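Enquirer: Sequence:
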Amino acid sequence: MAVVLVAVGISSAFLSVTPAQAHCDSAKGPVATAAHEALESGNVNLILPYVKPDAETELTAAFKEASVVRKTGRTAKQLADRYFIETAIRLHRAGEGAPYVGVTDEETPQAIVVADNAMLNGSMTEIYTMLDEAIKKSVEDRYQVVVNARAEAKELNTVEAHRERVEAELNFEKFIYELYTAASNNGILTEGHAH
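Numbered by my numbering, the letters in the sequence shown go through residues 1 to 195 in order.
Each hint should be verified, as a subset may be incorrect.
Straight-line Cα separation of at most 35 angstroms, DSBU-like style, residue types lysine-lysine; simulated pairs [unchecked claim]:
| id | residue 1 | residue 2 |
| --- | --- | --- |
| 1 | Lys71 | Lys28 |
| 2 | Lys136 | Lys77 |
| 3 | Lys28 | Lys137 |
| 4 | Lys154 | Lys136 |
| 5 | Lys28 | Lys52 |
| 6 | Lys136 | Lys28 |
| 7 | Lys28 | Lys64 |
| 8 | Lys77 | Lys64 |
| 9 | Lys77 | Lys52 |
| 10 | Lys137 | Lys154 |
| 11 | Lys136 | Lys71 |
| 12 | Lys71 | Lys52 |
| 13 | Lys174 | Lys137 |
| 14 | Lys154 | Lys174 |
| 15 | Lys64 | Lys52 |
Listed next, with one range per pair, are the computed distances between beta-carbon atoms [what the hints assert, rightly or not]:
| id | residue 1 | residue 2 | range |
| --- | --- | --- | --- |
| 16 | Pro109 | Asn185 | 22 to 32 angstroms |
| 17 | Ser184 | Glu107 | 25 to 35 angstroms |
| 18 | Thr60 | Ile176 | 45 to 55 angstroms |
| 19 | Asp116 | Glu178 | 41 to 51 angstroms |
| 20 | Val139 | Glu160 | 19 to 29 angstroms |
Calculated from the structure, these hints are not laboratory results. Note that this is a predicted model, so its numbers are computed, not measured. Just so it is clear, CB atoms sit at the ideal spot from N, CA and C, and this is done for glycine as well.
Build the full structure now, drawing on both the sequences and the hints.
Expert: Structure representation (structure tokens):
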């Protein structure tokens, strides 16, 4: 149970600072992959779940256009694929209320790869291991800052040194509180995804 709470906590605590924000913009991300699969199979329904209902008409029209153009030659196929993938990503980002900045070559962050693997194989073991290691390191690093600040405050015994000790202690407490709050479902995890 503790591993589950901590696993949720670490993912929540770092949600806003991870490179996953660019994940859906990536040529290797889930939106581009689904768009390519839709084109290859001729089934627009494979990409439609990635956009809001009000974007389905535009995406379906782009799919039909791209499907026709793809048949006219190799270069046309590449251009049509690129157009459709860009349209799918743009509409997906619009549905998130996020700006479209183009298709990137960003690698998929390891945490996303591990999450995808868990959904594919039905095992959470790799996720727990990854999160456990990340949480332990983050907590230990922050605690070491407290230890160092306390030692320096004791040695120097100045107001400034004690101020730095207090700041380190409060930052550590805040970090632990935010991890716990996120893990106990009172944190920032909500439906949908944030990027």
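Enquirer: If a hint holds in the structure, say so; if it doesn't, say that too.
Expert: Hint check:
For a cut-off of 35 angstroms, the pair hint linking lysine 71 to lysine 28 stands: about 24 angstroms separates their Cα positions. Annotation: proposed proximity of lysine 136 to lysine 77 is violated, straight-line Cα distance about 49 angstroms (limit 35 angstroms). A hinted pair counts as satisfied when its Cα atoms are at most 35 angstroms apart, and lysine 28 with lysine 137 qualifies at roughly 29 angstroms. Annotation: proposed proximity of lysine 154 to lysine 136 holds, straight-line Cα distance about 27 angstroms (limit 35 angstroms).
Using a Cα cut-off of 35 angstroms, the hinted pair lysine 28 and lysine 52 holds, with the two alpha carbons roughly 21 angstroms apart. Distance restraint check for lysine 136 and lysine 28: the Cα-Cα separation of roughly 30 angstroms lies within the 35 angstroms cut-off, and the hinted pair is therefore satisfied. Taking the CA atoms of lysine 28 and lysine 64, the gap is about 23 angstroms. The hint holds against a cut of 35 angstroms. Pair hint lysine 77 plus lysine 64 holds up; C-alpha atoms about 13 angstroms apart against a cutoff of 35 angstroms.
Restraint check for lysine 77 and lysine 52: the C-alpha separation of about 26 angstroms stays at or below 35 angstroms, so the hint holds. Simply put, lysine 137 and lysine 154 have alpha-carbon atoms about 26 angstroms apart, close enough for the 35 angstroms limit, and the pair holds. Of the supplied pair hints, the one linking lysine 136 and lysine 71 is violated, its CA atoms being roughly 54 angstroms apart against a limit of 35 angstroms. A threshold of 35 angstroms between alpha carbons decides the hint, and for lysine 71 with lysine 52 the separation of about 28 angstroms falls inside it, so the pair holds.
Simply put, lysine 174 and lysine 137 have alpha-carbon atoms about 16 angstroms apart, close enough for the 35 angstroms limit, and the pair holds. Taken as a hint, the lysine 154 and lysine 174 pair is honoured in the structure, with Cα atoms around 23 angstroms apart against an allowance of 35 angstroms. Distance check on the hinted pair: lysine 64 and lysine 52 sit about 18 angstroms apart at the alpha-carbon level, within 35 angstroms; holds. With their beta carbons about 24 angstroms apart, proline 109 and asparagine 185 fall inside the hinted range of 22 to 32 angstroms.
Distance hint for serine 184 and glutamate 107: a CB-CB separation of about 32 angstroms, consistent with the stated range 25 to 35 angstroms. Here the CB-CB span from threonine 60 to isoleucine 176 is close to 49 angstroms, well matched to the stated 45 to 55 angstroms. Distance hint check for aspartate 116 and glutamate 178: the Cβ-Cβ separation is about 26 angstroms, which falls outside the suggested range of 41 to 51 angstroms. Distance hint check: the CB atoms of valine 139 and glutamate 160 are about 26 angstroms apart, consistent with the given range 19 to 29 angstroms.
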